[in-house]
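Single-letter residue listing:
4 protein chains.
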Amino acid sequence: MARIDVNCDMGESFGVYDIGTDEEALLELVSSANVACGFHAGDPSVIDRTVSLALRAGVAIGAHPSYYDLRGFGRRAITADPSEVEADVLYQLGAVAAFARAHGGRLAHVKPHGALYNQAATDEALAQAVARAVARFDPNLVFVGLASSPVMRRAAESQGLRFAGEAFADRRYEADGTLVSRREAGALIGGPAEAAAQAVRIARGHAVVARDGSSVALDAATLCLHGDTPGAVANARAVREALDAAGVVVRALAR
Amino acid sequence: MARIDVNCDMGESFGVYDIGTDEEALLELVSSANVACGFHAGDPSVIDRTVSLALRAGVAIGAHPSYYDLRGFGRRAITADPSEVEADVLYQLGAVAAFARAHGGRLAHVKPHGALYNQAATDEALAQAVARAVARFDPNLVFVGLASSPVMRRAAESQGLRFAGEAFADRRYEADGTLVSRREAGALIGGPAEAAAQAVRIARGHAVVARDGSSVALDAATLCLHGDTPGAVANARAVREALDAAGVVVRALAR
Amino acid sequence: MARIDVNCDMGESFGVYDIGTDEEALLELVSSANVACGFHAGDPSVIDRTVSLALRAGVAIGAHPSYYDLRGFGRRAITADPSEVEADVLYQLGAVAAFARAHGGRLAHVKPHGALYNQAATDEALAQAVARAVARFDPNLVFVGLASSPVMRRAAESQGLRFAGEAFADRRYEADGTLVSRREAGALIGGPAEAAAQAVRIARGHAVVARDGSSVALDAATLCLHGDTPGAVANARAVREALDAAGVVVRALAR
Amino acid sequence: MARIDVNCDMGESFGVYDIGTDEEALLELVSSANVACGFHAGDPSVIDRTVSLALRAGVAIGAHPSYYDLRGFGRRAITADPSEVEADVLYQLGAVAAFARAHGGRLAHVKPHGALYNQAATDEALAQAVARAVARFDPNLVFVGLASSPVMRRAAESQGLRFAGEAFADRRYEADGTLVSRREAGALIGGPAEAAAQAVRIARGHAVVARDGSSVALDAATLCLHGDTPGAVANARAVREALDAAGVVVRALAR
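Protein chains in written order, with the numbering used here: chain A, 1 to 255; chain B, 1 to 255; chain C, 1 to 255; chain D, 1 to 255.
This is chain A alone, in the form it adopts within the complex (with noise of 0.2 Å):
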């Protein structure tokens, strides 16, 4: 039977600045959640309520930590020393992580934000600063990286973690795994029917189709659904209605 997570960024209100309003919807949706843990975006009470929210709708909780970057929502690439990298994931995880046990919970995987997930996809030394965070900070914890990232997949399991390979529902694949780039004209997956479809083929192992017509294997164990998109809702129900349709267990990722 074939068995997928669902995960999806949360928590990336700051201060009076609230985006990401249909998260309990979403938080029907999916089985875990990544929180934002203050540095590209959230800060303390929001980490508050997120957390307590997640925790409410069963969902499972992971870091989601960033560059320091709040102007620039922790997209730009930043060419930061490795062992300062280590020590603001350590920073980031052990805050987001008092929420989870201030609501009696935990903490279960941990996916890096923006730049520095693009960045660690291919940097060796990166992969290697967040994974050393993670597995110095609890050695249960999953790591969540690009399904398409061996230097993300030795950089976790060179450090004892489980790696959970992450594809993307709504976005369109080149030929060897990686994503088309947002800056190209079909990077992103047309409608919910569509994306809906790729969900149950990657959620079964099967290959999905790439941009240049070639099938691609993509070794996922988690779905990312975007919460941040006009229509972000719609789109993650009938991804989810599809996979459940589909006979495909929908769980967070364990250790």
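Derived by calculation from the structure, the hints in this document are not laboratory data.
Each hint should be verified, as a subset may be incorrect.
[Unchecked claim] Restraint-style ranges between C-beta atoms, simulated for each label pair:
1) B:Arg171 to C:Asp18: 48 to 54 Å
2) D:Gly213 to C:Asp18: 56 to 62 Å
3) D:Asp22 to B:Ser215: 46 to 52 Å
Note that the Cβ used here is the ideal one computed from N, Cα and C, for glycine as well.
Take the given structure of chain A and dock chains B, C and D to it, following the hints.
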């Protein structure tokens, strides 16, 4: 046999800004280190280094949470909502605890910093917010606060926490047990010898001489040494040697 | 003929966080825009865009300086040293003025934001610090402050600045000309019609009806419209139409 | 008669963090001060003090804008959008210029800091963004950049700005006029005597000896002295005395 904890604020460097270069010398003289959490001072790399040094020196680690105010070093009073303060403190406890854990240690106590300490000494709602954060994170943590503050003591105890009253070797007291304001002459005690004598009186549970000549009893479980003043190490050494010579056992706080 | 300025706070988005989407609509209704300077809201790109829009709409540009407090949107009182506040305000004036200049315009007025506004309305030293910063930067700038604050008025005038008293169409007043606190019922005026009526009374120099039913005269040169409340544009339009219908000339402040 | 400007970075303290305590001594040796603008270092109070000191010493004031990166002191490369960089630079120019104006002076030049300097030396779009910000603010400002960077020179000149090539007395050059990376041995020139000799050669327009022994000509209008290294003042004094002894006129840049 008299016994007391000796604590010092540490980890207050930030990025390229280096202060507290005498931390290794101070660590040989104290039993507890209050580690800045990144809100008024410190950054993840500094916390990493400070926690590692403290553990290697056999010094107990505490979190030193503050208002978010790097510019003002946490010394500016801010009228923050108690629920916001609670979340801020929880965030900081988790962040520093992550480094303690990563280095094989654990957090032992929490001491609010600067304006948060001063405001919580008299503001019931604020003191409760800090105590709630501490208790939610770990009820075994000791809450360090102003020895003469019934507000802080009550807040800690109402949350089931051990309260450890803090006294100062090098600060002069008013007759009511509050500190002479730094803005007034005579706030600081003259030299190492006088500070050492006051330290021994406090450790033995004897009254100290207040500014007006009266005697004031301080129910103190921990003595604060300042690390950021000129001659800090010499001062600290004088205090520690006087405590040792008087047969006072210097030992970290414990639940 | 009655004449008044109508001002609105603007440029309060930050990074990916978008608020104030109705700014273009509001710019057609006001004569002055108070542009957030990056301390409580706004960032350089937002300031650039806001200043450009305001100038294109023929709206006068003012700086809206604040305490450095992005997390609290500048609404939290901070006990900052007046000389520090003076430097902070000067910094923010220069920053916003640079964009006015770059777009071929100039800064016309300064209105402190949030907690800085509220504190300066009663704290002489703080009001003087703000006024000194304004006068040092450009003595032709108009200082906008609470109409019923003699403290602010005196501070401005003692620095040789023109003071423009500000009144609120949609806030209810106490008998002494201060605003009913937002924490109390009846702080906000019910609907567009009542706000519009109060606006016209203020513009004509007539007294408004205070909470206790008494009459209170406000020496106001500018009316503040809120842009961040639900129905802000509808409210602003009602006020503006009432002013126009009453023959009140809406015109920006000038030295 | 040979003539050159001598510049030094200043105003890099922040809050309680004090660096650059020798600034008054350095101000007697240089003709231009590059004032940190609060993005990588400095805060409004520090800028106020630094600008005041520089003007009193008769030293020309320049802005030293940076990426927003206090933690990394502006030394970390960030992949920011050029339009964002343009707005950031404009903001910083305005902020520092406000203090120059408040003290009765004016801004004379702009020199990007750290990673922004290094990236703009080779990245055309970035160099253009900086130059556009400078030109929009004040076309009489001099753009200070790496002497051997045609990218920066072109960017400045295409915006109608005067470009002033910068050379370093205490850094060794590669044969192509770039600096030997600080990560390599031999990046820094040994002692004051050798630095002074290189300074005189540069001021006279003579070639300097590159790392490989070849001669390299630097079209430099300004010499940078470092203020934050041990022995900075002694080094600066040696350079200045050598320039004076060689009859080189040290004078600030001017349009």
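Hints and how they fare:
Arg171 (chain B) and Asp18 (chain C) have their C-beta atoms about 49 Å apart, which keeps the hinted 48 to 54 Å range intact. Between Gly213 (chain D) and Asp18 (chain C) the CB atoms are about 58 Å apart, so this pair conforms to the stated range of 56 to 62 Å. Distance hint for Asp22 (chain D) and Ser215 (chain B): a CB-CB separation of about 48 Å, consistent with the stated range 46 to 52 Å.
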